[in-house]
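Student: What follows is each chain in one-letter form.
2 protein chains.
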Amino acid sequence: MERITVTLGERSYPITIAAGLFSDPASFLPLKSGAQVMVVTNETLAPLYLNPVRAILEHAGIIVDQVILPDGEQYKTLAVLERIFTALLEKPHGRDTTLIALGGGVIGDMAGFAAASYQRGVRFIQVPTTLLAQVDSSVGGKTAVNHPLGKNMIGAFYQPASVIIDLDCLKSLPPRELSSGLAEVIKYGIILDYAFFVWLEEHMDSLLALDPDALSYCIRRCCELKAEVVAADERETGLRALLNLGHTYGHAIETHMGYGNWLHGEAVAAGMVMAAHAARRLGQFSADDLLRVTGLLARAGLPVAGPEGMAPEEYLPHMMRDKKVVSGKLRLILPQGLGKAEVRAGVPDDIVLASIADCRT
Amino acid sequence: MERITVTLGERSYPITIAAGLFSDPASFLPLKSGAQVMVVTNETLAPLYLNPVRAILEHAGIIVDQVILPDGEQYKTLAVLERIFTALLEKPHGRDTTLIALGGGVIGDMAGFAAASYQRGVRFIQVPTTLLAQVDSSVGGKTAVNHPLGKNMIGAFYQPASVIIDLDCLKSLPPRELSSGLAEVIKYGIILDYAFFVWLEEHMDSLLALDPDALSYCIRRCCELKAEVVAADERETGLRALLNLGHTYGHAIETHMGYGNWLHGEAVAAGMVMAAHAARRLGQFSADDLLRVTGLLARAGLPVAGPEGMAPEEYLPHMMRDKKVVSGKLRLILPQGLGKAEVRAGVPDDIVLASIADCRT
Ligand SMILES: NC(=O)c1ccc[n+]([C@@H]2O[C@H](COP(=O)([O-])OP(=O)(O)OC[C@H]3O[C@@H](n4cnc5c(N)ncnc54)[C@H](O)[C@@H]3O)[C@@H](O)[C@H]2O)c1
Ligand SMILES: NC(=O)c1ccc[n+]([C@@H]2O[C@H](COP(=O)([O-])OP(=O)(O)OC[C@H]3O[C@@H](n4cnc5c(N)ncnc54)[C@H](O)[C@@H]3O)[C@@H](O)[C@H]2O)c1
Ligand SMILES: [Zn+2]
Ligand SMILES: [Zn+2]
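So the sequences go chain by chain: F and E. Sequential numbering from 422 applies to the first sequence in my numbering. Sequential numbering from 422 applies to the second sequence in my numbering.
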């Protein structure tokens, strides 16, 4: 078992990583007998994991209710969020309730925002079941829902009380979803940790084969890196923005294609290649490193080019709606060689357009 | 001009109270030329105050957009909130935008929650136009929308950057709304400040006549008292709960009657009389003080009994949904003589029922 702490003063919390956590009654400590919880999950995960999770909670004397949402990014909306509030109020659950997010990033983001907003804030626990959620979305306290005009536009910074990562979950995860998570994994190597990038080049095959030792190390390292960044910059005023490498381009792809057609990690993978091209054009990223990045992403089963038929000009209006736009000015995350990155304001439009054109299929 | 500071460390902010603030270009400092703002208001207030407010902002070189919501507590919902997000995203407004809440408590609560959630938090300024909003809802950072199953169930603690109180606004306020605000004013006297209660007994007629000196003192004193309580207990874990005197009963009335039939302050007034009866039955409130409370509320034009035909048993299920319920146990705010109050757990149901029966018409 691996255990890491996200250090945020009073709001510090543990991340526990191991196989078999869903059958260990200690996983959900410090919930106490008599406590009330609401498990938020979706229609895909309920038949797989809801019963075991309910069983260990009920065994500990906890009163468990559940709300099962439809599965998909297109349901990450205010309207579906309201169903969580309705389930809470129907019982009713008071201010001392705990929400448990059992699912991928969509469930984590929604249950987290519901917990932030229900009666102005109740406790919540993340139980991420996708690789992407385990290495990224469940750590750091960003929660959100989408708006028809933009992804993750409505939300809160709200930290969980703990994160419980059961490696066994990944066995049922579709391979495309595993790859999507690997995009965020590779991202950490590019922006923060060259040694980890090299480790990934060496262990990509073990990860794809779900080797438990490789997975456990990989998830721990990503959580450590993310925890450090979050501890240094909880509300994303500086350093934390680096975690958005590839995301400004990627959000344009996701929005243009409609939620659910390109997976988040797939869009981010293509976006990271675009950002690398922009960095190369600005003279801060070598052609060799560009090949290593595209090579590793491709081995992880990820796209290294944008969607066919999406013209560079179609990216810009979406990119201008990005949260990193300040006073109408686009700011991009750009790599500076492998293992280092920067936030850069005022990248000229023609460089942005060219970087997209560089990776069309 | 009166100026008070709400002391909350980094999140401290000023409250400015004066007549004529809507024609003073300095009111909206420190907004700078070139800044983007979104004024959130409603259909009643727009024809009265939107143009003057827009004019002083535009005169200062600020880029002003507006969103005009329908008027009424029944529109304080997630669905109407989404219109604010749509307006922000259509322009689009970035993370550096400022929301200005121009209206009563409904607009303040909604614009505040929108500001807390838009892109996970943007700056906002409260411009309260009802007495209730000026002395209560605009100060302290509670924001929320309603759910069909309960008032203010979805929201955030989120502090404004400043509060701007123009006394001239009150001239257009319907008398019933003025009285509703006076309920919260009287509440401060009962729970925190006997001398202020006496001052109110002496100056109620001046307040009802909108005497500027009386109003100015009264609003300042209420803001000071609320600011002290909020500074001591921002997230309502203790002291701040006292501000809910009468509100647990009051919310039951509001929910039972349907939003908009009983005004918030009217329901709170009746609720405070009920709480005073409960306190009297528990031996901590004299019959004399009870008469002074009902007398002052009645002079302010407020009800001192619950709605006709609402049976005591009909209050309880609504009261149990109150946010002060912890692990299924009701906690009530009860006065302890005039100028002092307590949070009390485990008040027996029969005392609660009797306190409601005590004030039926
Ligand atoms: N909050 C953050 O910091 C942050 C960071 C990155 C991404 N995100 C958000 O996360 C979301 C993407 O998350 P995701 O990639 O986990 O997608 P997801 O939650 O939609 O899950 C992907 C699919 O896998 C299914 N699934 C999940 N776990 C499974 C399992 N163990 N076995 C079988 N099927 C399983 C889900 O039902 C879904 O169909 C996006 O909405 C994105 O905006 C948030
Ligand atoms: N956040 C808090 O701490 C807090 C505290 C108390 C109450 N509240 C909330 O505040 C709301 C009640 O606020 P309210 O009493 O201000 O009601 P309100 O906002 O509905 O305003 C009352 C009516 O007066 C009108 N109006 C407002 N200003 C006017 C003016 N200057 N001239 C003419 N008409 C005017 C409004 O359009 C409305 O029709 C409730 O939703 C309550 O939950 C919040
Ligand atoms: Zn991501
Ligand atoms: Zn009130």
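Just so you know, these hints were derived from the structure itself, not from any lab. Predicted model only: the values in this text are computed from it and were never measured. Hints are supplied without guarantee of correctness; some may be wrong.
The list treats identical chains as interchangeable, and a pair is accepted whether it falls inside one copy or across any two copies.
[Stated by the list, open to error] Below, simulated DMTMM-like cross-link-like pairs (lysine to aspartate or glutamate); rule was C-alpha separation at most 20 Å, straight line:
hint	residue 1	residue 2
1	Lys750	Asp486
2	Lys512	Asp632
3	Lys750	Glu511
4	Lys761	Asp771
5	Lys512	Glu735
6	Lys750	Asp517
7	Lys750	Asp492
8	Lys453	Glu623
9	Lys512	Asp492
Student: Now look at each hint and say whether the structure bears it out.
Tutor: Now for the hints, and whether the structure bears them out:
no.	hint	verdict
1	Lys750 <-> Asp486	between (46 Å within a copy, 19 Å between copies)
2	Lys512 <-> Asp632	neither (42 Å within a copy, 48 Å between copies)
3	Lys750 <-> Glu511	between (45 Å within a copy, 17 Å between copies)
4	Lys761 <-> Asp771	neither (24 Å within a copy, 67 Å between copies)
5	Lys512 <-> Glu735	between (47 Å within a copy, 18 Å between copies)
6	Lys750 <-> Asp517	between (43 Å within a copy, 11 Å between copies)
7	Lys750 <-> Asp492	neither (35 Å within a copy, 36 Å between copies)
8	Lys453 <-> Glu623	neither (43 Å within a copy, 53 Å between copies)
9	Lys512 <-> Asp492	neither (24 Å within a copy, 31 Å between copies)
Of the numbered hints given earlier, the model fails hints 2, 4, 7, 8, 9; all others are met.
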